[in-house]
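Engineer: So the protein lines, in turn, are chains S and W. The first sequence begins at 1 in our numbering and counts up by one. The second sequence begins at 326 in our numbering and counts up by one.
Be aware that one or more of the hints could be misleading.
Derived lysine-lysine pairs resembling DSS-like cross-links, with alpha carbons at most 25 Å apart [stated by the list, open to error]: (1) S:Lys122 to S:Lys226; (2) W:Lys331 to W:Lys526; (3) S:Lys126 to S:Lys231; (4) W:Lys344 to S:Lys129; (5) W:Lys507 to W:Lys446; (6) S:Lys122 to W:Lys344; (7) S:Lys240 to S:Lys122; (8) S:Lys126 to W:Lys344; (9) W:Lys507 to W:Lys526.
Calculated directly from the structure, the hints in this document are not laboratory data.
Listed below are the residues making up each chain.
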Amino acid sequence: MTPYILRRLAQSALVLFIMSLLVFGGVNLVGDPVEMLINPEADQAEVERVMRDLGLDRPVTEQYWYFLVNAFKGDLGDSFIFGEPALKLILQRMPATLELACFSLFISLLVAIPLGIYAGYKPDSKVSKTIMAGSILGFSMPTFWVGIIFIMIFAVHLGWLPSTGRGEIGVFLGIHSSLFTLDGLSHVFLPALNLALFKMSSVIRLTRAGTREIILQDYITFARAKGLSEKRVVMVHVMKNILIPIVTVIGLEFGSLIAFSTVTETVFAWPGMGKLIIDSIYNLDRPVIVAYLMIIVTFFVFLNLAVDILYTFLDPRVRVKGTEQ
Amino acid sequence: MKHRFKNFQNFWRDFSANKVAVVALFIFSLILFVAIFAPLVSPTDPYDLNTVSIMNSRLPPLSEDFGGNYFLLGTDGAGRDMVSAIFYGLRVSLGVGVLSGVFALIIGSFFGISAAFFRGKYETFVMRIVDIQLSFPSILVALIILAAFGKGVEKTIIALILVQWAYYARTARASALVEINKEYVDAARCLAFGNERIMFKHILPNCMAPLIVVGTLQTAHAISLEATLSFLGLGLPITEPSLGLLIGNGFEYMYSGDFWISIFPGVALLITVASINLVGDHLRDMFNPRL
Chain S
1 MTPYILRRLA QSALVLFIMS LLVFGGVNLV GDPVEMLINP EADQAEVERV MRDLGLDRPV
61 TEQYWYFLVN AFKGDLGDSF IFGEPALKLI LQRMPATLEL ACFSLFISLL VAIPLGIYAG
121 YKPDSKVSKT IMAGSILGFS MPTFWVGIIF IMIFAVHLGW LPSTGRGEIG VFLGIHSSLF
181 TLDGLSHVFL PALNLALFKM SSVIRLTRAG TREIILQDYI TFARAKGLSE KRVVMVHVMK
241 NILIPIVTVI GLEFGSLIAF STVTETVFAW PGMGKLIIDS IYNLDRPVIV AYLMIIVTFF
301 VFLNLAVDIL YTFLDPRVRV KGTEQ
Chain W
326 MKHRFKNFQN FWRDFSANKV AVVALFIFSL ILFVAIFAPL VSPTDPYDLN TVSIMNSRLP
386 PLSEDFGGNY FLLGTDGAGR DMVSAIFYGL RVSLGVGVLS GVFALIIGSF FGISAAFFRG
446 KYETFVMRIV DIQLSFPSIL VALIILAAFG KGVEKTIIAL ILVQWAYYAR TARASALVEI
506 NKEYVDAARC LAFGNERIMF KHILPNCMAP LIVVGTLQTA HAISLEATLS FLGLGLPITE
566 PSLGLLIGNG FEYMYSGDFW ISIFPGVALL ITVASINLVG DHLRDMFNPR L
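Turn these sequences into a full structure, and let the hints steer you where they fit.
Structural biologist: Now the structure itself:
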């Protein structure tokens, strides 16, 4: 196991290095951030002063070297717009994004697992066919457009729920989150549902496929032969085995929710890091763009590593195969 | 030729067993027709400044202007007819989606089949890159490319190709590994055919079925992703008004209750993506020997 983890870590470091080259190089080819920062009437001397202050007068290779050295010290540069460390800006907005992603993961599992098990348990019933058709529809609906529809129906037309911002933030066990106040919950509900809808379809399909496979296994036949009630067979025997694939995808689904939250956050003006990156791209705020992309790539690299390791612990069959190699 | 026709007949018999997929295919053909012949079937040219009048701005659906022009789906903020804007938008969206899909198919199957053919370090290297890339969500890969290199038509297409190629590579390798052990490949080797000839004339055609399944589902995904990126203002420039950009334009007017400007392009996008997905889903069931 240890050599495997070490090899994966080395590979992760290589991925991060290549990503830093690509992102830093690319960002420095696009546009002129100085033009966005100073007023158009400024003379050449002013332009040069700003460029010197931001370090943009140096060659790109030298800038990259400084970036790398500072990155190892935990400094990813200062935002051109806010004048604050990019890392601090991102960390400030991270809780909002995590809270949105967690809540929508919760909603999607709560709805999708029962529906998926039902569709797998009775694959030919009308209800199951409707569930599957619905999942294709859910899969095809662009997230941002559904968000717009939600705002239009629930915020503009019916006026039931607010459509922008994060609402009041409560404190529970030292954690600041809008999930702890009623006002906060009303704000998080629409964006979280929007984000969850897309995930639901894939979890439904996964659960259904798993259930259909498990239902044919000998241990299910045996459980039935023992005279267990169908309820117990489904709730205990099917459920337990369906959790292996689901737990492993939860990690990846969570990551993908964080990536897709850029879209939902933009639609609902949710003050998370996804909205920050989109705003920074508009403003050519290079340090924030680079910092965000590096952080999110690091996050994914470790998330994947964690999921792969967790998988071998959850499913002994994989572990046996792993040691044979 | 007769043999080919017989194959097609068999294919159609299996395909038409699912009525939903047949309807979806019909709808998609209609959309494709509209997209290709947009200038001919649109009531007006939405980007011709002589015919678009700002006086007609934000007219609700089913309204008529003083000149007797009828707007079935209303007009947008600049007074363009929504029906025409959607037809032209479909053209851009489908064009970008299909183009990126075809390039990704070519690149992905090249690497996938050559990896299966040559094995060894080359295969490990290619598949490692595929695995790493597939561990990132598609939107993140596209975001990295477009955040780093800026927006634009070519850059959006490049981003979409990069998002998709790995799926094709994985599928092509998996089916090429099966094909490579079959007798016809041994026969071709005995005839001392070149590696390229065996890979692309003998193995590739036999890997096409799963690649087409992946192709339909990926193209639907690419169209949806392009719309998302364009909506965020990272994808296509405003000179190429795809459905995503139309929806984005309408978003501004939504709080004032002018729902049609972003709803109808979204419905067009949904129907397009859903019809491709339904066809792809059925094709997958047809070609999947396990079910």
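Engineer: Please go over all the hints and tell whether each is borne out by the structure.
Structural biologist: For each hint, the structure was consulted:
1. S:Lys122 to S:Lys226: With a Cα-Cα distance of about 22 Å, the restraint between lysine 122 of chain S and lysine 226 of chain S holds, given a limit of 25 Å.
2. W:Lys331 to W:Lys526: With a Cα-Cα distance of about 22 Å, the restraint between lysine 331 of chain W and lysine 526 of chain W holds, given a limit of 25 Å.
3. S:Lys126 to S:Lys231: With a Cα-Cα distance of about 21 Å, the restraint between lysine 126 of chain S and lysine 231 of chain S holds, given a limit of 25 Å.
4. W:Lys344 to S:Lys129: 14 Å, holds
5. W:Lys507 to W:Lys446: The given pair, whose Cα atoms are some 23 Å apart, holds under the 25 Å limit.
6. S:Lys122 to W:Lys344: Answer holds: lysine 122 of chain S to lysine 344 of chain W is near 21 Å, not above 25 Å.
7. S:Lys240 to S:Lys122: This hinted pair holds, its Cα atoms lying about 18 Å apart.
8. S:Lys126 to W:Lys344: Holds - the C-alpha atoms of lysine 344 of chain W and lysine 126 of chain S are around 16 Å apart, at most 25 Å.
9. W:Lys507 to W:Lys526: Given pair lysine 507 of chain W, lysine 526 of chain W holds - Cα atoms ~15 Å apart, limit 25 Å.
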